[in-house]
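Trainee: Given next are the chains, with one letter for each unit.
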Amino acid sequence: MGRFILKRLFETILVVITAALACFVLLRYVGDPVNNMLGQAATIEQRETMRRALGLEDPVFTQFLGFLGQVLSGNLGVSYRFSTPVARLLLDRLPATLELSLCAMLMAILLGVPLGVWTALHRRTVMSELVLIASLVGVALPTFLIGIILILIFSVWLAWLPAFGRGATIAIGGGWTTGLLTASGLKSLILPSLTLGLFQMTLIMRLVRAEMLEVLRTDYIKFARARGLKNTTINYDHALRNAFIPVMTIIGLQFGNVFAFSIIVETVFQWPGLGLLVIQSIQFADAPLLAAYLVLIALGFALINLAVDLMYAVVDPRVRGGAAFAPRSAA
Amino acid sequence: MLAALVAFSIIVIAVGADLIAPFDSNNPASANVVDARLPPGSTALTGGHYIFGTDPQGRDMLSAIIYGLRTSLLVGFGSVALAAYAGTILGLLSGYRGGLLDALVMRIADVQLSFPTILMALLIDGVTRTVLPRETHDILAIPVLIAAISASYWVQYARTIRGLVLVEREKEYVLAAKVTGVSPLRIIMTHIWPNVMGPMLVIATVNLALAILTEATLSFLGIGLPPTKPSLGSLIRIGNEYLLSGDWWISIFPGATLVALSLSVNLFGDWLRDALNPKLVDT
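Just so you know, the sequences run in chain order A and B. Going by the working numbering, 749 is the number at position 266 of the first sequence; the sequence numbering is gapless. Going by the working numbering, 150 is the number at position 114 of the second sequence; the sequence numbering is gapless.
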């Protein structure tokens, strides 16, 4: 177990350092930092002083270590375009993205699970077939197209919901701004969450349906029926509970996907979150912002995967490898 | 089979764009700004009809879609070809050789699989664009896009093919060839590769649909193809800005084409997988 943890930890650190190296190269070689800071009209002496002050005369390795130190202490540089510290920008936009992702996931679960259970229990009905066909829409249409169609229907033709922005937000302590406490904020949240959550919802629905059908065929369910338990008890207390375990794993693993697709949804709805920020940073060649985002993404995903792997190792002894799982003789 | 017909007819239309399109999208003179944002079915100033309407620059939507299909398919096929090439070679080598190369490639593959593919393509494309000087953006846009998309999708090929190679190389005819002294390269090319080709084709077809969608997504976000080389994604992007004024045709027609294309390619891939299946069953 110890060896496994060490191996995974080592790999995680390697991934993060590689990402940091890529960012470091990005920052050093995109344009001239001295030029960006001093402008065109600086004299040669001023440039030399700046270069020494920024540490650009030092060997590359020392510079990289300095960069790592900076990142670890929270100084992620200053954005070229916004002229504000990158860390500040990222923190300001984070609540928007988190609210959107969580709402989307919640919507996907709250709609997907009941639909999955319902289509599993009423297998051959027309409604159930219709729902399954409609779910193909979620898979076939790309996310941005779903967003555009929803905007057309609900904002342009029906004028029920706003098409862009976050609505009025309220700041609640610690720098977190939320749109959940205002009417316009909630209204603005509906379409983006629906767009983001639609794909996840169809996935969850199909998964729950498949697992339920699988569980409903097992012997202990048959035994429960033979014993005369009520249908609701069988379906919910026994079948659904057992069907839910793989579903929870998939939901956890899908968070990364939700985060990636939130970038698209934020662009369609002009939602002021991290995704829109990174798209703008690419369009404006804002290297510090892009580099910081890269490092944070690499760190975030590496940590999530480490956590998931460790969890599996705790739960399933076979993953740890080694002598813990030696084949036993039949005797 | 209907799917295959649709897919192939789309490809033919795209390739024959110059002959079929009613207006020449590449010729700026054909875009009449006076005709900008006309709804579908309107008549052009110079005669002829705008069957799908016009975009904000006065370009005919139908022609723009046909030319855009061509670019989208080019990027799609290009990235699938590159990913298949790189992934297959890596899969063959790491499966046959094993050892350090195998461990290294599989580790990188595992790490990369933990990232969503869209995010990978987005970041690779974004970083490359940021690093390149601004003048070369337009020229290098297509190769960079192809490289970014293939870099995110090569892993599937490598893993699947490595698994198949691991099975094949223990078989008796391979061992016999080794014993007879056939060089490893010949063994890989003449014995192992033909047996591995089938699954690779199936993955490639499914991947084509994904690659086309990824390219459309990146172009929609504005970090794929430049406005001078329209693709379905960038057409939808242009339409996005005019949605709120009710000009729905600028986004919906390219979108419908995109969905039709990806659905037909997907269904074709399913059919292909079923058709090749009996040959894949091991005795």
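Any given hint could turn out to be false.
[As the list claims (entries may be wrong)] Computed footprint of chain B on chain A; a stretch qualifies when at least three of its residues, placed anywhere within it, have a C-beta under 8 Å from a C-beta of chain B:
no.	segment
1	579 to 587
2	620 to 626
[Said to hold, decoys possible] SDA-like cross-link-like pairs, simulated, lysine to any residue; straight-line CA separation at most 25 Å:
no.	chain 1	residue 1	chain 2	residue 2
3	A	K490	B	R222
4	B	K214	B	A139
5	A	K490	B	K214
6	A	K705	B	L149
[Unchecked claim] Okay, the calculated bits of chain B under chain A, using three or more residues with CB under 8 Å as the criterion:
no.	segment
7	96 to 106
8	206 to 215
9	221 to 229
10	232 to 245
11	257 to 267
12	280 to 289
Keep in mind the hints are simulated off the structure, nothing from the lab. Where is the CB? At the ideal position from N, CA and C, for every residue including glycine.
Trainee: Work down the list of hints and note, for each, if the structure agrees.
Mentor: Taking the hints in turn, this is what the structure says about them:
Proximity of the segment 579 to 587 of chain A to chain B, defined as three or more residues with a beta carbon under 8 Å from a beta carbon of that chain, is not established by the 0 residues found. For a cut-off of 8 Å, the count of residues in the segment 620 to 626 of chain A with a CB near a CB of chain B stands at 4, and the three-residue condition holds. Of the supplied pair hints, the one linking K490(A) and R222(B) is violated, its CA atoms being roughly 37 Å apart against a limit of 25 Å. Taken as a hint, the K214(B) and A139(B) pair is honoured in the structure, with Cα atoms around 23 Å apart against an allowance of 25 Å.
For the hint pairing K490(A) with K214(B), the CA-to-CA distance comes to about 36 Å; that exceeds 25 Å, so the pair is violated. This hinted pair does not check out: K705(A) and L149(B) have alpha carbons roughly 40 Å apart, beyond 25 Å. With a threshold of 8 Å between beta carbons, the proposed coverage of the segment 96 to 106 of chain B by chain A is violated, since 0 of its residues qualify and at least three are required. Counting residues of the segment 206 to 215 of chain B whose CB falls under 8 Å from any CB of chain A gives 0; the rule of at least 3 is not met.
Restraint check on the segment 221 to 229 of chain B versus chain A: 0 residues with Cβ-Cβ distances below 8 Å, three needed, restraint violated. With a cut-off of 8 Å between beta carbons, the segment 232 to 245 of chain B has 0 residues touching chain A; three or more are needed, and the interface restraint is violated. Under the rule that three or more residues need a Cβ within less than 8 Å of chain A, the assignment of the segment 257 to 267 of chain B holds, with 3 such residues. For a cut-off of 8 Å, the count of residues in the segment 280 to 289 of chain B with a CB near a CB of chain A stands at 5, and the three-residue condition holds.
Taken one by one, the earlier hints fail for this structure at numbers 1, 3, 5, 6, 7, 8, 9, 10, listed in ascending order.
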